[in-house]
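In our numbering, the protein residues as written are 136 to 352.
By construction, these hints were calculated from the structure, which means they are not laboratory data.
A couple of the hints might just be wrong.
List of simulated lysine-lysine pairs, BS3-like, C-alpha gap at most 30 Å [claimed, not checked]:
id: 1; residue 1: Lys-172; residue 2: Lys-156
id: 2; residue 1: Lys-321; residue 2: Lys-273
id: 3; residue 1: Lys-175; residue 2: Lys-351
id: 4; residue 1: Lys-304; residue 2: Lys-334
id: 5; residue 1: Lys-317; residue 2: Lys-304
id: 6; residue 1: Lys-170; residue 2: Lys-156
id: 7; residue 1: Lys-156; residue 2: Lys-180
id: 8; residue 1: Lys-170; residue 2: Lys-276
id: 9; residue 1: Lys-278; residue 2: Lys-175
id: 10; residue 1: Lys-351; residue 2: Lys-273
id: 11; residue 1: Lys-321; residue 2: Lys-334
id: 12; residue 1: Lys-270; residue 2: Lys-145
id: 13; residue 1: Lys-278; residue 2: Lys-172
id: 14; residue 1: Lys-312; residue 2: Lys-278
id: 15; residue 1: Lys-334; residue 2: Lys-278
id: 16; residue 1: Lys-321; residue 2: Lys-304
id: 17; residue 1: Lys-180; residue 2: Lys-270
id: 18; residue 1: Lys-273; residue 2: Lys-170
id: 19; residue 1: Lys-276; residue 2: Lys-304
id: 20; residue 1: Lys-317; residue 2: Lys-180
id: 21; residue 1: Lys-170; residue 2: Lys-312
id: 22; residue 1: Lys-312; residue 2: Lys-276
id: 23; residue 1: Lys-156; residue 2: Lys-175
id: 24; residue 1: Lys-172; residue 2: Lys-312
id: 25; residue 1: Lys-304; residue 2: Lys-270
id: 26; residue 1: Lys-273; residue 2: Lys-334
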Amino acid sequence: MSITRNISGKCPKCSGDLNIKIWDSVNAVYHPEEKEKIMKSELFKVECDSCGSEIALEYPCRYQDTDNHIMIYLIPDFSEDQVNELNDDLENISMPKMMEENKFRVVGNCDELIEKILIFGCDKRDRPIELCKKKVLKDLKIKDSNISPVAILYNHNSEGEYFSFIGCKDENGEVLKVPFDKELYKSLDIELVNRDAYKEGLYMVVDGSWASTLMKQ
């Protein structure tokens with residue numbers, strides 16, 4: 136089940152009182168409407184009744200989807216010690232057999248949470264996708280050495296799959312989008328299988344730093 140609580144706060148714009156609903160845990164199976172709010176970037180926001188300002192909030196929240204066997208912990212600015220504590224807790228409980236192959240992840244912001252939900256929701260793996268990002272960025276830097284995205288995020292819509300290069304603009308002034316290379320993804324997926332790199336069962340941080348470390352091995 137999802138777990139919520141209410142806290143009070145002050146609006147940073149007008150100092151008006153805020154009644155904030157905090158989601159400590161979201162269960163996508165029991166509360167699919169909250170999953171939709173996450174995907175629309177609505178769940179972690181509160182509106183001030185006094186001035187109408189919309190305030191974005193990020194706080195620790197556990198997202199669980201038992202249908203897709205994923206558990207994602209959003210922890211803003213997390214530390215390695217926090218990840219270790221999560222895994223200590225996992226190891227100290229009697230985990231049901233059905234959860235042993237769960238994909239446990241830690242992410243640092245809402246955009247990364249949305250990305251993981253998208254990836255696992257379309258039956259893809261996040262590890263080869265992170266490696267794809269490295270390859271695509273390397274190829275783009277050959278053409279433009281100044282390209283420096285704040286983040287690279289996987290996404291898909293009715294037109295197909297792509298990577299959004301946050302902080303980079305295309306010739307139309309829009310966020311730079313690069314088509315997702317399915318063949319590259321497949322080849323990297325096979326490589327990771329051959330390297331026995333798909334062990335699950337503990338919380339992991341699978342991001343650009345993870346990909347860089349793997350590429351050095």
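To see whether the hints hold, each was checked on the structure:
With a CA separation close to 13 Å, the supplied pair Lys-172 and Lys-156 stays within the 30 Å bound. Between Lys-321 and Lys-273 the alpha-carbon distance is near 18 Å, which keeps this suggested pair within the 30 Å criterion. Only pairs whose Cα atoms come within 30 Å are accepted, and Lys-175 paired with Lys-351 is rejected, the gap being roughly 36 Å. A distance of roughly 37 Å separates the Cα atoms of Lys-304 and Lys-334; the hinted pair therefore is violated under the 30 Å criterion.
Distance check on the hinted pair: Lys-317 and Lys-304 sit about 23 Å apart at the alpha-carbon level, within 30 Å; holds. Distance check on the hinted pair: Lys-170 and Lys-156 sit about 15 Å apart at the alpha-carbon level, within 30 Å; holds. The suggested pairing of Lys-156 with Lys-180 holds, with an alpha-carbon distance near 9 Å, which does not exceed 30 Å. The hinted pair formed by Lys-170 and Lys-276 fails the criterion: a straight-line CA distance of about 36 Å is larger than 30 Å.
In summary, the hint linking Lys-278 to Lys-175 is not supported, as the alpha carbons are separated by about 34 Å, beyond the 30 Å threshold. Annotation: proposed proximity of Lys-351 to Lys-273 holds, straight-line Cα distance about 15 Å (limit 30 Å). Of the pairs offered as hints, the one joining Lys-321 and Lys-334 holds, with about 18 Å between alpha carbons and a cut-off of 30 Å not exceeded. Among the hinted pairs, Lys-270 with Lys-145 is inconsistent with the structure: their alpha-carbon atoms are about 44 Å apart, more than 30 Å.
The straight-line distance between the Cα atoms of Lys-278 and Lys-172 is roughly 38 Å, outside the 30 Å bound, and the hint therefore fails. Taking the CA atoms of Lys-312 and Lys-278, the gap is near 15 Å; set against the 30 Å cutoff, the hint holds. Among the hinted pairs, Lys-334 with Lys-278 is inconsistent with the structure: their alpha-carbon atoms are about 36 Å apart, more than 30 Å. The hinted pair formed by Lys-321 and Lys-304 meets the criterion: a straight-line CA distance of about 28 Å does not exceed 30 Å.
Annotation: proposed proximity of Lys-180 to Lys-270 is violated, straight-line Cα distance about 34 Å (limit 30 Å). Note on Lys-273 and Lys-170: the hinted pairing is violated, with a Cα-Cα distance of about 34 Å set against a maximum of 30 Å. For the given pair, Lys-276 sits about 14 Å from Lys-304 by alpha-carbon distance, which is consistent with the 30 Å threshold. Between Lys-317 and Lys-180, the direct Cα distance comes to roughly 34 Å. Violation of the 30 Å bound is thereby established for this hinted pair.
A distance of roughly 25 Å separates the Cα atoms of Lys-170 and Lys-312; the hinted pair therefore holds under the 30 Å criterion. This hinted pair checks out: Lys-312 and Lys-276 have alpha carbons roughly 15 Å apart, not beyond 30 Å. With a C-alpha separation of about 17 Å, the suggested pair Lys-156 and Lys-175 falls inside the 30 Å cut-off, and the hint holds. Note on Lys-172 and Lys-312: the hinted pairing holds, with a Cα-Cα distance of about 24 Å set against a maximum of 30 Å.
Only pairs whose Cα atoms come within 30 Å are accepted, and Lys-304 paired with Lys-270 is accepted, the gap being roughly 19 Å. Our distance criterion of 30 Å between C-alpha atoms is met by Lys-273 and Lys-334, whose separation comes to about 27 Å.
Comparing the model with each numbered hint stated earlier shows that hints 3, 4, 8, 9, 12, 13, 15, 17, 18, 20 do not hold.
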